[in-house]
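Novice: Given chain A's structure and the hints, the job is docking chain B onto it.
Protein chains in written order, with our numbering: chain A, 14 to 284; chain B, 426 to 790.
Honestly, the hints are just simulated from the structure, not real lab data.
Beta carbons are placed, not taken as given, at the ideal position from N, Cα and C, and that holds for glycine.
Heads up, some of the hints might be wrong.
[Claimed, not checked] Derived lysine to aspartate or glutamate pairs resembling DMTMM-like cross-links, with alpha carbons at most 20 angstroms apart: (1) LYS433(B) to GLU138(A); (2) LYS92(A) to ASP754(B); (3) LYS127(A) to ASP665(B); (4) LYS127(A) to GLU667(B); (5) LYS92(A) to GLU678(B).
[Said to hold, decoys possible] Part of the chain B face toward chain A, derived, beta carbon under 10 angstroms: (6) VAL580; (7) VAL583; (8) SER654; (9) GLY657; (10) VAL659; (11) VAL661; (12) ASP665; (13) ARG669; (14) THR670; (15) PHE672; (16) TYR675; (17) VAL677; (18) ALA729; (19) LYS745; (20) ARG773.
For reference, the chains in residue letters:
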Amino acid sequence: MKSGLLQRDRVFDFMTPKKVEGLDLKHGTVLYMEDVSVTFEGFKAINQLNFYLNTGELRCVIGPNGAGKTTMMDIITGKTRPDTGSCWFGQKYNLLQMDEPEIAQIGIGRKFQKPTVFEQHTVFENLELAMAGPKTIWSTFVAKLNGEQRDQLDQILAMICLTEEHSRLAGLLSHGQKQWLEIGMLLMQNPLMLLVDEPAAGMTHQEMDRTVDLLTSLAGNHSIVVVEHDMEFVRALNSRVTVLHQGAVLMEGSMDAVQKDERVVEVYLGQ
Amino acid sequence: MGLLRMLKNDKGGQIFLGVLVATLIAVPILHALPTDHPLHLSTYMVTLLGKYLTYALLAVAVDLVWGYLGILSLGHAAFFALGGYAMGMYLMRQIGERGVYGDPVLPDFMVFLNWTELPWFWHGFDMFWFAILMAMCLPGLLALVFGWLAFRSRVTGVYLSIITQALTYALMLAFFRNEMGFGGNNGLTDFKDILGFSLQDDGVRVGLFIASGLMLGLGYLACRVIIQSRLGRVAVAIRDAEDRTRFIGYRVERVKLAIFTFSAMLAGIAGALYVPQVGIINPSEFQPLNSIEVVVWVAMGGRATLYGAVIGAIGVNYAKTWFTGAFPDAWLFALGALFVFVTLFLPRGIAGLFKHSLLRKRAKV
Chain A
14 MKSGLLQRDR
24 VFDFMTPKKV
34 EGLDLKHGTV
44 LYMEDVSVTF
54 EGFKAINQLN
64 FYLNTGELRC
74 VIGPNGAGKT
84 TMMDIITGKT
94 RPDTGSCWFG
104 QKYNLLQMDE
114 PEIAQIGIGR
124 KFQKPTVFEQ
134 HTVFENLELA
144 MAGPKTIWST
154 FVAKLNGEQR
164 DQLDQILAMI
174 CLTEEHSRLA
184 GLLSHGQKQW
194 LEIGMLLMQN
204 PLMLLVDEPA
214 AGMTHQEMDR
224 TVDLLTSLAG
234 NHSIVVVEHD
244 MEFVRALNSR
254 VTVLHQGAVL
264 MEGSMDAVQK
274 DERVVEVYLG
284 Q
Chain B
426 MGLLRMLKND
436 KGGQIFLGVL
446 VATLIAVPIL
456 HALPTDHPLH
466 LSTYMVTLLG
476 KYLTYALLAV
486 AVDLVWGYLG
496 ILSLGHAAFF
506 ALGGYAMGMY
516 LMRQIGERGV
526 YGDPVLPDFM
536 VFLNWTELPW
546 FWHGFDMFWF
556 AILMAMCLPG
566 LLALVFGWLA
576 FRSRVTGVYL
586 SIITQALTYA
596 LMLAFFRNEM
606 GFGGNNGLTD
616 FKDILGFSLQ
626 DDGVRVGLFI
636 ASGLMLGLGY
646 LACRVIIQSR
656 LGRVAVAIRD
666 AEDRTRFIGY
676 RVERVKLAIF
686 TFSAMLAGIA
696 GALYVPQVGI
706 INPSEFQPLN
716 SIEVVVWVAM
726 GGRATLYGAV
736 IGAIGVNYAK
746 TWFTGAFPDA
756 WLFALGALFV
766 FVTLFLPRGI
776 AGLFKHSLLR
786 KRAKV
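Only chain A is shown next, with the shape it has when bound in the complex (with noise of 0.2 angstroms):
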């Protein structure tokens, strides 16, 4: 058991214990998370995770309430620190030791549960604060567009449909049209890897469907980790799906695969 100091949802850096043990090497792994755990006041979020995600792979996440899959987002972006265990981003990057600035302009980004967008500017705006490059204080402060940036900006906002929307707030945005310039701002991050919680709440099925589009268009440029409850948007993502349980993995396969096993059923149903 850890001392009263550690036992918080943030810890000072050099206060963590930095033991990274069994990395695996293996090519084409884009993130390893590792015997994962977090513990919340007694409660254990994650039980020894063992999470893999190949480049370029699109991988659904689903599980009940409680299961440790938005804790599991936030171990890999930062915003919590496990108690043990070791989570790298490639092999170069331990993520760790990195904060939530660092992890966003190597290359991951994250879409929240709740649509977070910036209520009080345009859907121009959004895009255009999202954009990958330099973020210092001096480089903000005299940042200008160039034409290779506006047309990137372009592209993105026909890519998430929001071409005509450009100079309206965001906060006028109808819901399903919230996640998407969520998702289009993660986009111009120019990300290796995208963390989607929950990407299809309040959607309509039109919109799910172009949804299912976009992100499996993306995948293979991108990692993506789908987190999701609805089960008709899984399937229709088709692909390798991860059940978590009481913070730990409980299988791994097919929609299929996962909708015929026994455990999953029960977890689901059992209770």
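Specialist: Chain B alone, transformed into the frame defined by chain A:
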């Protein structure tokens, strides 16, 4: 050129700067009229207006961090007072042998306390440029240290507001002590000259008024430049969704620290201009209540507009001057009523009244 383009999108700012320039021209002229002329502006009024302008600059500084960055600072009067003390120290050193005790170097209160030597931190304050530099740097340094500690610990919202209150309260207690070497509860007063000119002189009063107006204009423009840049949009992004900003790769703490420090320096300049006009600086300027009052000005004038802060600061202070003259006991009730009224009926403040119509026009385009 960039400045002009910037102002093109800022109707409120254009009007504000126009009125400011007009005032800066009109006031000296009205003051120069013969005393029996009905439009003559007394020296008292000129100084009063000058004082309002320094308050307005302080309000602009608060609006920058509160309106655009979402940091409700309830301690900005501390930066204002520190700037004021820096200027006060210069003015004290200018008194020289004309003090009651006639000591060429030591200010009166030090002689009174039987001090024989000038404390180390009083050196250099006989030079105007040094005092002005300190009036900016000391508040800036305090904000930098305080902000660094507070922001990196991710203290936000009400908790941050409370520790800014604690900051100004702690400074007040410290400055009340004679051992601090800033004149204890009497503070610094009895000033004679500034830059060799007598502070009692009418021309100097007008000069200080104009300097306050110019600094207010410059301060406004500087804040506007920040807000119109991408950095300003990041600030608003932090205000509205701090985590989102962090996860797209901005160092939220540093942005906050930079803007907070800049704002503290503006407040310091305001304080430095305030002291020669009112003729005294003492620890009561650090009162927590003062900082809260500034926030009330900004809220009344309208958050996140900058010129709203100016309207609020001047409007409320004019009302205060009038009320405390006409109905001295009723002022706090009037202020309370005004605050309730604005919160209920004008949530965007006075500036919101006409900003609303501007926004609607923009939305149609």
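Novice: Hint by hint, work out which the structure violates, then give me just those numbers in ascending order.
Specialist: 2, 6, 7, 19, 20
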